[in-house]
Each structure stands twice: as structure tokens, then as C-alpha cells.
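> Residue numbers (full-length UniProt numbering), protein chains in the order written: chain A, 1 to 322; chain B, 1 to 322; chain C, 1 to 329; chain D, 1 to 329.
FYI, nobody ran anything at the bench for these hints, they're computed from the structure. Even glycine gets a Cβ: it sits at the ideal position worked out from N, Cα and C. Hints may be right or wrong, so weigh each one.
Stated by the list, open to error - Footprint (simulated), chain C over chain D, 3 or more residues, beta carbon under 8 angstroms: (1) 79-86; (2) 296-308.
Claimed, not checked - Here are the simulated DSSO-like pairs of lysine-lysine, each with C-alpha atoms no more than 27 angstroms apart in a straight line: (3) B/200 to A/241; (4) A/283 to B/310; (5) A/250 to B/178; (6) C/188 to D/289; (7) C/289 to C/268; (8) B/310 to A/200; (9) A/280 to B/178; (10) D/289 to D/276; (11) C/268 to B/310.
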Amino acid sequence: MSQKMFVQAINEALREELRRDPNVFMMGENLELGMFGAEAGLYEEFGFERIRYTPISEAGFTGLATGASLLGMRPVVEYGAASFMYVAADQMISVAGRLRYATGGDVCVPVTYLAMSMGGGGAGPQHSDNICSLFVHYPGFKVVYPSTPYDAKGLLKSAIRDDNPVVFAYDIRSAMVKGEVPDEEYLVPIGKGDIKREGKDVTVVAAGSTNTMALEAADELAKEGISVEVVDPRTIKPLDKELILSSLEKTGRLVVCLDDYRDSSFASDVAAIAADEGFKFLKAPVKRVARAQVPPPYTTVLEREVMPDKDKIARAIREVLQ
Amino acid sequence: MSQKMFVQAINEALREELRRDPNVFMMGENLELGMFGAEAGLYEEFGFERIRYTPISEAGFTGLATGASLLGMRPVVEYGAASFMYVAADQMISVAGRLRYATGGDVCVPVTYLAMSMGGGGAGPQHSDNICSLFVHYPGFKVVYPSTPYDAKGLLKSAIRDDNPVVFAYDIRSAMVKGEVPDEEYLVPIGKGDIKREGKDVTVVAAGSTNTMALEAADELAKEGISVEVVDPRTIKPLDKELILSSLEKTGRLVVCLDDYRDSSFASDVAAIAADEGFKFLKAPVKRVARAQVPPPYTTVLEREVMPDKDKIARAIREVLQ
Amino acid sequence: MLSNEDLIEMYEKMVLLRQAEEKLVEQSSKGKVWTLLAGVGQEAIPVGTVKALGPEDYWEISHRGTSDAAARDGVDLKRLFAEVHGRATGYSKGKGGNMHVEAFEAKVLPMLSIVGESIPVSAGVALAQKMKNTGGATICFFGDGASNQGVFHEGLNLATIWRLPVVYLVQNNQYAVSTPASYAVSVKNISERAKGYGIPGVTIDGNDVLAVYEAVSEALKRAKEGEGPTLIEAITYRWYGHHAGAGADEQMGWIYRPEEEVEEWKKKDPVANFEKKLMAQGILTEEKKTQIWDKVNKQVEEAVEFAESSPFPDPSEAFTDVYTDLVLP
Amino acid sequence: MLSNEDLIEMYEKMVLLRQAEEKLVEQSSKGKVWTLLAGVGQEAIPVGTVKALGPEDYWEISHRGTSDAAARDGVDLKRLFAEVHGRATGYSKGKGGNMHVEAFEAKVLPMLSIVGESIPVSAGVALAQKMKNTGGATICFFGDGASNQGVFHEGLNLATIWRLPVVYLVQNNQYAVSTPASYAVSVKNISERAKGYGIPGVTIDGNDVLAVYEAVSEALKRAKEGEGPTLIEAITYRWYGHHAGAGADEQMGWIYRPEEEVEEWKKKDPVANFEKKLMAQGILTEEKKTQIWDKVNKQVEEAVEFAESSPFPDPSEAFTDVYTDLVLP
Ligand SMILES: Cc1ncc(C[n+]2csc(CCOP(=O)(O)OP(=O)(O)O)c2C)c(N)n1
Ligand SMILES: Cc1ncc(C[n+]2csc(CCOP(=O)(O)OP(=O)(O)O)c2C)c(N)n1
Ligand SMILES: [Mg+2]
Ligand SMILES: [Mg+2]
């Protein structure tokens, strides 16, 4: 075990999988720079053939990834910021997610998409998006969304080995998070959530950076005698519904946190599941803490109004306990 | 008043607004054909200058619409099938929806987008999508989604006159629906829902073609003595939450119907609102009836498994009444 | 050099595509197949192409020409027909249908139905061929209308800078639904767009199966030698409207081509003209011709029978094949 | 013909852009402005362009050159600086910031920060100019990297077939972040891409303000005469990395340009070389020069002071300006 940063964990996962399987390769812009640490050193080790830096043609190289995957390659596609995926939306939504189905199972599309949300860092209206809910909405994808270095490494390795298109969503606000990462090889299974903190008064379901915020809020509230259970779905598609429902059964109260626009999001889904299958456990209204329906503003004083944070989560927890 | 088809109502709205305001014009493919009735006769009356048929360049002409709107034009953009909007996703999500905000209110983007879902007609995996939830999720859009000819005409006219980007979503399964349309001019306000059928046992919130299905289900259930209130949000962004909550207050039970993929959809939002603000009214689990998370299959026997229909709605109503 | 047997074989395949496609139009008119994007009149392009393909080459077909795939050896017309009839015995179990015709096992890549999508996807297949050193190249068909999609540009640029073994063939049938290429494409010949990528662009008679064979052979050779893509523009014409069968253009009142133009092009019938040529050269005889047509018609009839008598998939199949390893409710 | 006054004015504007941009880099280093996409070294392009613009013309700036807009008359450097400092007094009240610089009232269109987006948008502005008969044309700046985006293709094709009054100017500074255009663009000169649309394409020295002025003037004339777009490729170089100030390339360890290359290009300094020329021609004197630099430096200082002393927007502003008529919670 050693302490590692989230981006280092990603880097290790990529390196290990590139070493393990010659069919794994990467495409994306400026990959040779190892821009923000996630790809550091990969170009030096694997060369252009496998770390293919591209023109600014996201739709193009996303399509290439699909095509290459049909013949057994395992592309890992990197977009810099998740906001750059919209120009490739059709190639993902309409092609990668549906080719297997449209061929009745004749092909598979083992592509991994690295989608970093730049939200919360002043990146402004067009650079801050999180695309996690988009790929929960559209059929054919798995979506992992880790909050810790341990989960990031284990899930990314699983994603690359998965035979389906997997979106690896993460937050720039998680990039510098530190945590224990085993020295030996391990995987985190896709589709299994994790209780990051046990508690009995209220369940907080929080993915990605909001999980970290929720843990901080839980610390704070513990001082007031409030016992918060923090559930990290880790994979948001397919969702570990049982874990969430069993926590809800215990606490009877739920707050859902997500660093994505609130409406038609994964946060709404969890609330909807609670209102259906979890209804019998519910003792209080279910609250969502997510981004406001506003393009993320540039200036910090405004940005913090619209983004989820520890205080907003703590406030919601207090509300459901009233 | 006279009986008109849904597509005729759209046609009238377009014609009237084109006549009324010289800044209104249309872009889209094959518009001069008046393909499925919605644009019939417009090219003959208004000519190429205002009914601009385009190359197959959705991202391109969507961007042109945004640009033209900045100078006070009021483009109505037509996509044939909503599924063709994904190639233009960035121009909508990242530009049209955000330019006003990014300029602190210096510009506005009065564009209307006609987005017909072809779901339920055997159009297969890539041609059947409904993009309504997509534009509920992303900030900056209004989304109207009528179920009757009356609402279609009134809402489309309001959309064209609105100073914001408005997505006019409709279902091919509604296209042939008939209903009363006044001969004199009228508008349906954006943001106001409508009770399409009063009832007391259960509230069904259903937009677009699912509203028609819900009314059929309600007829059927009435024979068993079940009284169903059918709420048509008509606009799904901004949502007439009060109408839904007041209906819920009366019935205490809720089924939400939508012809879009269920996860991270508007259907989840309504359930989430019920679980939060409507919690105090709820007497039973909230059910969603929406598309399964499956690319729409081509062959009918499979397609009907994954799409919402009257029977699935009736079943859900019975469930929440147990 | 093509032998007489080769030529006869090509003729037979053209007849097969013609008859198969006409049959599907008929089936669509009867409501047994969804609205059809018929390729009647364009048969020389798939047949000339298939002749040029090696066994290791992949072929991405376009939405135009539902039966095109059947030109390739190893493709089973029965399963192809079953697919467009929505049957469990179809190549894709009825899930993909007439917009996703494929025979992946025979290296016919799944048709994609959003215009232009296949352009980068096929470059990706070529990339895999290159990275895996499998030999072979990929050829991608698309229409004149697709040359106005953004991914045309991105795909061609990427394929060029990476010298991918891919060939782009635009079936310029002069219309995208009702929109004339002469209006929608800013250059006279789509092959001129090759200049924007620094690759060879050629315009050929798409109704001449031998011209197609030659152009594709040369482009494939170039691709396999590591010199990157070629853009081939094959001028042709579709005899039917954009849609044929159920929902045909005429039925919808869509009128955009002068009747004389259609008549003119019907005279350029790729099948009849090739037949005439082979007859004149004594390669084809009346007897052989009758034999071929009988054989083909029987094959087509059998395919329809197979399709119509095949079962629809079990309803539970709706939820499988979304993922390789799980079925979500 | 440009008068001496014109030339002096152009010189002054180049100095202004240089000094303003350097100041923003400094502010960014201090953490007062987000990571900057500095245009230092590319000043001749905006200044030559602005000189060619008529009052009815629109100008879509690129993400490169945060201060570029200030070259246009009627643009207030104070409000521009306030914007990138995130203040309520900024052009966009601090909501848009350095990726959405605009001065719409002065016909400087909002910068868009997703590469290529502005290409069709500016064609749309030109379409409105044409439909509304306002006279005037629109010029759109973008980078070499943007020429590989799909909307480049779609935008140029649409602008051409509709003969829109739009001019496309690619600031080819030879890199897209670290990616050399010589690798990523499949043709030697981006202007060759004009051939794919049948429009004129020219390559000019982007560090020569007069060459820019002339090429843009001619293209605007053509556009206004209804002959459609021109693609101008202005070869230039950015002195800083992709990012300058906070998060500068060097800081991030991003190394991709030979030092000699940077040095070579610094010798081609568009400001110094223009100055030398004007001096040699006796149009500019040492005295005038000092005057100009003092004036400009004062202007820049005042802009910084204004920006720094301006209030941040009220938190409630976060929720306004999403719609024209409603504020959602
Ligand atoms: C992106 C997109 N826009 C629109 C359509 C609808 N559509 C299907 S085929 C077609 C015309 C295609 O024309 P072309 O590329 O010339 O091929 P052809 O049908 O003539 O063979 C159109 C507009 C689509 N499938 N995808
Ligand atoms: C679609 C998209 N992909 C990636 C980015 C990230 N990005 C911002 S600027 C840039 C480089 C742009 O290069 P170029 O067009 O040459 O302009 P320059 O910065 O050199 O002026 C990149 C890749 C983006 N903003 N948009
Ligand atoms: Mg065509
Ligand atoms: Mg550049």
C-alpha cells in the first residue's frame, strides 16, 4: 500500500493495462504531453503507435475507436475535458452504444472513454460539464464514476477489460485527492457500490467528488450527533440498487448528491428509485444536491452558487432530519 | 373550431408565424418537400429565402441558426427525426443554450428546434430517439412537448415568439392525432400544464404521446371504477410543478409516463419532485413508465416490449393502487 | 485481368442484386418490410467493388442498397432477407433491420443509418488492420449527401495523416433525398474534395462495373501499400425515390426529379448494359443468361420463403445484446 | 490607400494589444485571471483586420488573444479587463470570462471556447446580414487546429453554397497546444482546403499587418459583392505556450517547440518590425513612439485598476441571464 493521488492511480491503471494487453491503445489530443498527470510517461514508454495523439477531431477519433474495437482492439479515448465530448455525441450515443444491439450481438465495442469534468475550477460556461448522466440516459454504456484513487485504479482497469463501452467519469476536483493504493494488482468490479462511511440517521448517495464532500459534511455533522451513512455507487450504470436500498432501509432518509446538472440526471434516478422501491422505507422527503440548471459561470463568487459543495450537502442532510 | 391533425396544427402555426414576422425563417433538410405534412405548402408560399433547405449538415445549420438569431432573426430549425440532432449536439448544448449566459445577457438566441421522435414505428436502433430529456438536462432551453393539435399549435407559436431557445418535441405517434383547433389565433403559454382528465384515485403525469395512451388507460380503468387524473405538463421545462403537486395532494398516488429512455429522464425528475416536495402527499410508491434502456429494436415484436404503451401504463396504475 | 468466368460471375451478381432489391421493394409495398432505401440502378458499384476485394478486406456498405451485402461471397441472402423481415433467423435477429444490414462474419460491416457515421468508423477498422498487421484494407461506401457531414472531413483527415488502409467511395447518385448534389455540394465533383486532404480523388462512371472494379482495385492497392486513402466518386442514379415500397416518394407526393432525367438514366442501366456488352463479346449467351436469371430468381424466392417462414424473435430477446454480459430490466 | 495617420493608428493598436496581453499574462501569473490563451506575437492579425472592417461588419474573435477585441473602436479595455477579472463591470458581468470575451455592442461577437464552434455561428451572422440587408460582412478567426473540426467543413460548405458574406481567417500559429499543424493537417497549407469548397484560399504572412489588411479587405469586398467566403491563412506564431500565466506550459512541463524555433519567430516580432518599417519611412518618430507607449501603458494600467477595484457580481446574479424572462431555482 502506498499513498497516491487520483491521477496517479489513473496513470498506473493505464500503464498496467497497456503493458498487459497489446490491443489496448489510446487516442486523444496532446496525449504525448501527459497533460495533467493521468498520461504521464505513457508516450515515452509505448510510443506513438499506442499513444496516438490526434488532431482536434473528437467525432473522428471516437468513430475510429469504435471501428478499431470491432476488430478486437481496446481503445481508451481521452477527451481532455468532458465538455469536448459533445462534438462526438453522435458517434458515442448513436454508434458505440448501439452497434452490438443493432447487430444482434455479432460485434462488441470494448472502448473506454476518459471523461473529466472540469466543474468547480472556474473553467466557465463551456468547459465545466460532467457527462455522467448523459451516458446513464443513453442505452449501451456502463458508467463508472469513482471518488478515490483506489476505486479509480481498480475501476479503470476493469473498464478497459470490459467488452462494452465504458465511460470513466471523474472530477477535476478529485484529481488531487490522495488515498491508499495497493502495490499489487487488483480490480474493482463494475456494478458494485461501496459504503464509504457507516451511519444510521440518514443515507447520502454521492458519486465522484461529491462523495468526498459528503464525507466532510458527515464529519461536521457527527459533531452535532448526526450519524450519516455515505454510500458511493462507484458505478452509476449498472447501479448497485440493492446497496442503496439496504442503506435506506436502515436510515429511512436520503440525500442524493451529484456534480452534474440536477434535472434529468442520475440524482433524479436515485430519488426516483427511492420513491418507488424504497418508498416503504422512506421517513422524510428525498433531497437532491446537484448543479443548478445554469451554465457554470466563470467568476468564483457565482460559480460556487451553482455547484454542489459540502455546505449544501450538510444543509440538505439537516433538512431531511427535520 | 375545426378538427385537425397534429401535423396540420404544426403547419398552421408555422405558416401563421412566417406570415406575421419577416424574421421567422426555417432551415432543415428537404423542407421544400413538406415531407410529412408539417411543412406542407410553406416553400410554395415563402420561397427559398425563408424555407431554406440545407445540405445534410446538422451541426452546420444549427450553428447558422444561432448566429442568425443573434441579429434578431427567428430561425425554426427542423431535423426530420430527433435522432439527427446528436451530430448537432455541441452547437445546441454548448452554444445555443449558453450564449446568453456567457455574455451576461447581452445577446439572446430565439431559435425553435423541431424535434420529432420516431419511436414506436419500427424505425430501429438509430432513428427512434426522443431528445426531450436531453434538453431538460442541459441549461438554457425551454422544452415544450404537446400531446394534442390544440396544444401543438399554441405552443409552437409561443415557442417561435419566445426570445430563448425552445425545443419543440413531439412524437410521430402523435402526428396523426386529431383534435379541435380554433379558427382564430391563440397561444398556449409556455410553462403551463393542463389537466387532460380529472380524477381522484391516482395522478398520471404524461407528456406527448404517452398522454394519449394514459387517457386510453384511464378510460379502460374507469370501467373498473378507478378514477385517474391525467396531467399533461405540455411544457417540461420550465415545469408546472404546482399543477402536479396539487393533483398529487388530491390523489396521493403517482405514475409518470414518458416516451424516452427512463434513466436520467424527465420521468425521473417528476418522481424526484414527488419524493421531495410531494412526499407529504404520497400514499404509495411512485412508478415510472418509460422506454427500457435498450436501443429501439427494428422488429415489432421486440419494439413493443421496450416502448411505453397503454397497457404498461394501466398496469402501473393498478400497481400504485394496491 | 478478369477472366470470362469472372465477368459472368459479376453479371450474375448484378442480376442478383437487381432481383433481390426489386423483391424487397415488393415486400415493402406489401408492408412486410419497413420503408426501403432501394439501390436499384446502382448495382455496378457493389459488384465491381466486391470483385476487387481480397478475403482480408472489410466492406462498410451504405444505407442505399439493402441487398448490396449479398454480392459478397459468404453472405447468405436468406439471413439477409430474414433480417429485413424482422426475423430471429436474420443476421441481427431482427434487431437491426434494414438500416443495419451486416454480415460481420463475411467482413461486411454493419450499415449505419445516420449519414456520415461510417466514415470514421471504417477508418477505425482500417486502423485495427494496420495495428494488428492483418493485411487487408477497408472500403467505405457513402452517398453524395454524406460528403457534407462534419465526420467526412474529420475521417478523411485522420485517415490521411495516419496513412490508413482505407478507401472512400462516394456513390454520387446526385440526390440526397430531394436535394441535388449540384446545389448542396460546393464543388462540381465530390472527388475535388480530395484536394483538401492531399489524397487522390477520381470520378468514375458508377454504372460501369469494370470501371468500378479498376478504380477500387487501384485504391485498395494504394491503401495496402501504406499510402493512405483514396476518394472515389462513382456517378450513378437511383431508379426509385429515396424511399421505395411502403412510404415511397411518389406515394408521399415528393417530386423533385424531372421524368426525363429518370428515363435517361434508366437507359444507362448498369445490368442491361453490361449484359449487352458481354453478349456482344460472346461471353454471355442467351442460354447462359436464362440460366442465370432462373437461378437468381429461385434464390430470391427461396430467400423470401425462408424469411417469411422464419419465426419472429422471442419477446425476451428485446433486452439481450445491449451488453455482452448483463441484461438490465 | 492607408494614410500615415492610419499607419500610426495601427501601430498604436498593435502596441496596445501587446501591452494589454502581457499585462493579462502577469495578472494570470498572480492568480487574478484564469489560465490565459495569450496572443502575444499574433497582433498583426487582429489589427490588420480591424482596419479593414467597416462599421457594419461583425468580427468573431478566436480564443487566442484575449485582448484582441480591444483593437476595435468602441471596445472599452476597462470592461474587457473587468470581465477577465470576473467583475460585475465586465462586458458579461464576469459570467463569461476569458473564454467568452465579447463586445457585442461594438460588433465583436462572443468568443466561443469549444474549438470550431464559431465557424458556422459566424456564417449565421452573415446569413442574417444578408437576409436583413444590413450591408456588411462577418469575419471569423480560428486556429489551425480548428480546421480539423467537422464544423469547419459544414460551415464552409454552407457559406459557399449560400454565398454568404463571411470571411474565414485561420491564424495558423503552427500548433494546436502541442500538436504541430504539419502533422495534424493533411495538407501543407490550410488555404488548400479552400479547393474542397471551390472558394479562394490564400496564405499570407500573418505577422505583416499590411498584408493582413490587404487580404482581409479584398475578402470582405468579395463577400459584400455576394461572391461568398474566402479562406485566408495567416501564418504566425504564439510567443507563449498554449497557456500563459497561471498553468503556463512551462510550468506544466509541456515541451514541444524547439527553443531556436521560438527565438527565430521572436525575431519576426510583428510589432517591432512594423515599428522599424514606420521609423525607416519616417512615419514614426522616437518622440511619437514614446508618446504612444506611454499612452498605451497608462491605458492598460487604468484598465487593470478599474478591473481590480470593480466589485464582483452579487451572488444572486448566478441565476439570471439563463433565460430572458425567467429565473429558475
Ligand atoms: C445525420 C442525418 N441526417 C439526416 C438523415 C436522414 N437521411 C437518411 S438518408 C438521407 C439522404 C442521404 O443522401 P446521400 O448521402 O446522397 O445517400 P443516398 O440516399 O442518396 O444514397 C437523409 C437526409 C440521416 N439519416 N442522418
Ligand atoms: C472541441 C475541442 N477540443 C479540444 C479543446 C481544447 N483546446 C482548447 S484550445 C486548443 C488548441 C486549439 O488550437 P488552434 O485551433 O490551432 O488554436 P490556437 O490555440 O493555436 O490559437 C485545444 C485542443 C477545445 N476547446 N475544444
Ligand atoms: Mg445521394
Ligand atoms: Mg494553433
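> Each hint should be assessed against the structure and marked as holding or not.
Cross-check of the supplied hints:
As drawn, the region 79-86 of chain D meets chain C at 0 residues by the rule of a beta-carbon pair under 8 angstroms; below three, the given contact is violated. Proximity of the region 296-308 of chain D to chain C, defined as three or more residues with a beta carbon under 8 angstroms from a beta carbon of that chain, is not established by the 0 residues found. At roughly 32 angstroms between alpha-carbon atoms, residue 200 of chain B and residue 241 of chain A are farther apart than 27 angstroms, so this suggested pair is violated. Between residue 283 of chain A and residue 310 of chain B the CA atoms are separated by roughly 32 angstroms; this puts the pair beyond 27 angstroms, and the hint is violated.
Distance check on the hinted pair: residue 250 of chain A and residue 178 of chain B sit about 51 angstroms apart at the alpha-carbon level, beyond 27 angstroms; violated. Proximity of residue 188 of chain C to residue 289 of chain D is assessed by CA-CA distance (about 53 angstroms); at most 27 angstroms being required, the pair is judged violated. Taken as a hint, the residue 289 of chain C and residue 268 of chain C pair is honoured in the structure, with Cα atoms around 19 angstroms apart against an allowance of 27 angstroms. Using a Cα cut-off of 27 angstroms, the hinted pair residue 310 of chain B and residue 200 of chain A is violated, with the two alpha carbons roughly 41 angstroms apart.
Between residue 280 of chain A and residue 178 of chain B the alpha-carbon distance is near 42 angstroms, which puts this suggested pair outside the 27 angstroms criterion. Using a Cα cut-off of 27 angstroms, the hinted pair residue 289 of chain D and residue 276 of chain D holds, with the two alpha carbons roughly 11 angstroms apart. The suggested pairing of residue 268 of chain C with residue 310 of chain B is violated, with an alpha-carbon distance near 52 angstroms, which exceeds 27 angstroms.
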